[in-house]
Amino acid sequence: MPEPNDPFYVGYAPLPKRLRPWVLRFVLVWLVGLAGFAVVLATKQQDPGPGEWDLSKQVAIEGLLRVDPYPVLFVHDPKAGDLARAVLLVSEFKFGAQDRTQPFAGQAVRLQGHFISRGGRGMFELSSESDAIQALPNLGPNPEPTLAPTREPLGPCTLQGEIADSKCFLGVMKPGFGKTHRACAVRCISGGITPIFVTRDAQRNATLYVLTDLVGQPVNEAVLPFVAEPVEVQGNLERRGDLFYLAIDPGKIMRK
Amino acid sequence: MSHGYVAVQWNRHKRMYDAWLVTGIVLYNVLFVGVTLLTHRPPEDVAPLAVIAMRSTSTCAFLMLHAILSIGPLARLSPHFAPLLYNRRHFGVATFCVGLAHGLLATLFYHGMGNGNALLGIFTDNLRYDSLAQFPFQVLGLLALGILFLMAATSHDFWLKNLGPGVWKALHMFVYLAYGLLVMHVALGALQSETNPAYVVAMGFGLVWVCGLHLLAGWREHQADGKPTQNGPWIEVGDFEQIQDGCARVVTPPLGERIAVVRQGQHVSALSNVCAHQGGPLGEGRVIDGCLTCPWHGYQYLADRGQSPPPFTEKVATYRTKIEGQRVFVDPTPLPPGTPVEPASVSRSHARA
Ligand code: HEM
Ligand code: FES
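Protein chains in written order, with the numbering used here: chain A, 2 to 257; chain B, 1081 to 1433.
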């Protein structure tokens, strides 16, 4: 409690001499305290991971476009060995690229846009320009023999992990998964972006599976209530090129 | 103080206060973003940069809220903190602005830029209201932001006058609800994915700090209250000589508000301890230019009338006083605010001062 001989402060009168060192202290504590918290909280926050989204330059890629049911470009990549490398396709913001790619399904195309990648898995964001997709007639009407991905059934399996949106997970948002990112992932998947299932091994290395229903149709709407939660799914595994596909019954997704 | 309103009544102290306030906010955010860019992988584009800014502004606003909640009890514990209290409202408005920046970034980048209404999405993108771990924590942040907005919007004395101090004070008590909502916003949100214990430890420390300070200030006040001795309608305040000239002593009657008993020379007057402005403790004020001056924002009262000097119009309840020998007594029945009361006096022969 204040004592009678304590200094008395009124805002509109000059600061009492005895309060000056106190005011100096407040300013110091305020600035040093904030600086301290800024440095500690900034260094201790979650690492956003090595996702990449290079917007500095627009690039072009060529390959075989497939839309079954999600748009994927299969390209030759010596690093992928014999397998055709699968590049998932998206539009800008939180929208998928189905509608735009459908007319070119099955054709060799050249795409304009930007690369997105995380941990060796690549994605391509189509530019919004009208000529972002160009058919390549000069590769011949049927490029399947050279670029067509092998489809290799791997049988039924049960997996535990998290449903995420491929665009944010592969590098647009950091982090692109987990609780804080849930709403964003819901908007992305709802907007048509390919839903993926992410499992992690003991070292937290991720494996990705593109999710479809049992007859190979999109599951975007059906998985929305389960996005970004720990869940268990059962399904049939298949490999197309270097990409895993998991055909699931969305009615049987189980929360963990 | 209350005749006609201007946007803000500026003076040198408020300007200095605001200048340091803004300096701190800028320093924090520049350091947070800068250190993140240096210690984490640099972002290639605006989306990760927005997440960094989201975290920077959110933690900044949350820290500022802790500071605001600390100023009240600190000022009750020691008058040295009075300069912090004086312009606390600007602190509140600044906190709202920083919190708003965070809320806008989060709403735009996490709920927006897609196929739906971003604001609506705060409520509907995650429907796990039935789960604690998966709860849509953004809703709690939005509610807290709404409270901070109401408080910032009504912080001006115009609203204080028009809502009345009771409603205004009640409204501003919602800051504690906002704090609680934000603790949950962080606990059910960022702390569910943030793996480093520093975040949990920091928030736990903040919670203990805020609660501890309030308990300490309340306990000290309770200790200081004491039980006054009652003699018929009169309660005893103490020895006249123990009240320093130009100061007051606070008594707590068995019922009703605390009373400030003020000494001016050989006279004592009694008035409500509760300032008509924002309820500041008048009994901890001083007599300046013949008026008891509130320690919070300097509102002044003529002690024997319970009224601000003209042209001001604030009024507080007054009480009757008497002095027997050296003993000062007060009748704890409040008189209508602004009722003039003849001060009680000690005769010269009794006064040893
Ligand atoms: C519309 C209102 C709000 C929304 C939609 C919202 C949303 C969010 C989101 C999505 C996060 C997680 C960010 C991340 O780590 O990636 C977050 C974290 C946080 N929010 Fe809010 N928030 C809102 C209001 C507020 C307000 C008013 C405050 C404080 C004054 C606040 C304080 C915090 C804090 C301290 C964190 C944790 C720090 C961190 O990001 O790691 N939020 N909020
Ligand atoms: S409470 Fe503001 S001057 Fe008294």
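Simulated from the structure, these hints should not be mistaken for laboratory data. Note that the coordinates shown come from a computational prediction; the quantities given were computed from them, not determined experimentally. Hints may contain errors.
Unchecked claim - Just the calculated beta-carbon pair ranges, DEER-fashion:
(1) 255/A to 1212/B: 12 to 22 Å
(2) 204/A to 1119/B: 39 to 49 Å
(3) 130/A to 1291/B: 36 to 46 Å
(4) 1285/B to 256/A: 25 to 35 Å
(5) 1211/B to 121/A: 51 to 61 Å
(6) 256/A to 1110/B: 18 to 28 Å
(7) 255/A to 1241/B: 54 to 64 Å
(8) 41/A to 1158/B: 23 to 33 Å
(9) 1243/B to 252/A: 51 to 61 Å
Unchecked claim - Simulated coverage check for chain B against chain A, where a stretch passes if three residues somewhere in it have a Cβ under 8 Å from a Cβ of chain A:
(10) 1091 to 1097
(11) 1191 to 1201
(12) 1204 to 1215
(13) 1239 to 1250
(14) 1387 to 1401
Quick reminder that beta carbons are idealized off the backbone N, C-alpha and C, glycines included.
The hints, checked one at a time:
no.	hint	result
1	255/A to 1212/B: 12 to 22 Å	holds, 19 Å
2	204/A to 1119/B: 39 to 49 Å	violated, 22 Å
3	130/A to 1291/B: 36 to 46 Å	violated, 57 Å
4	1285/B to 256/A: 25 to 35 Å	holds, 33 Å
5	1211/B to 121/A: 51 to 61 Å	violated, 34 Å
6	256/A to 1110/B: 18 to 28 Å	violated, 42 Å
7	255/A to 1241/B: 54 to 64 Å	holds, 59 Å
8	41/A to 1158/B: 23 to 33 Å	holds, 28 Å
9	1243/B to 252/A: 51 to 61 Å	holds, 54 Å
10	1091 to 1097	holds (count 3)
11	1191 to 1201	holds (count 7)
12	1204 to 1215	holds (count 6)
13	1239 to 1250	violated (count 0)
14	1387 to 1401	violated (count 0)
Checked against the numbered hints given earlier, the structure breaks hints 2, 3, 5, 6, 13, 14 and satisfies all the rest.
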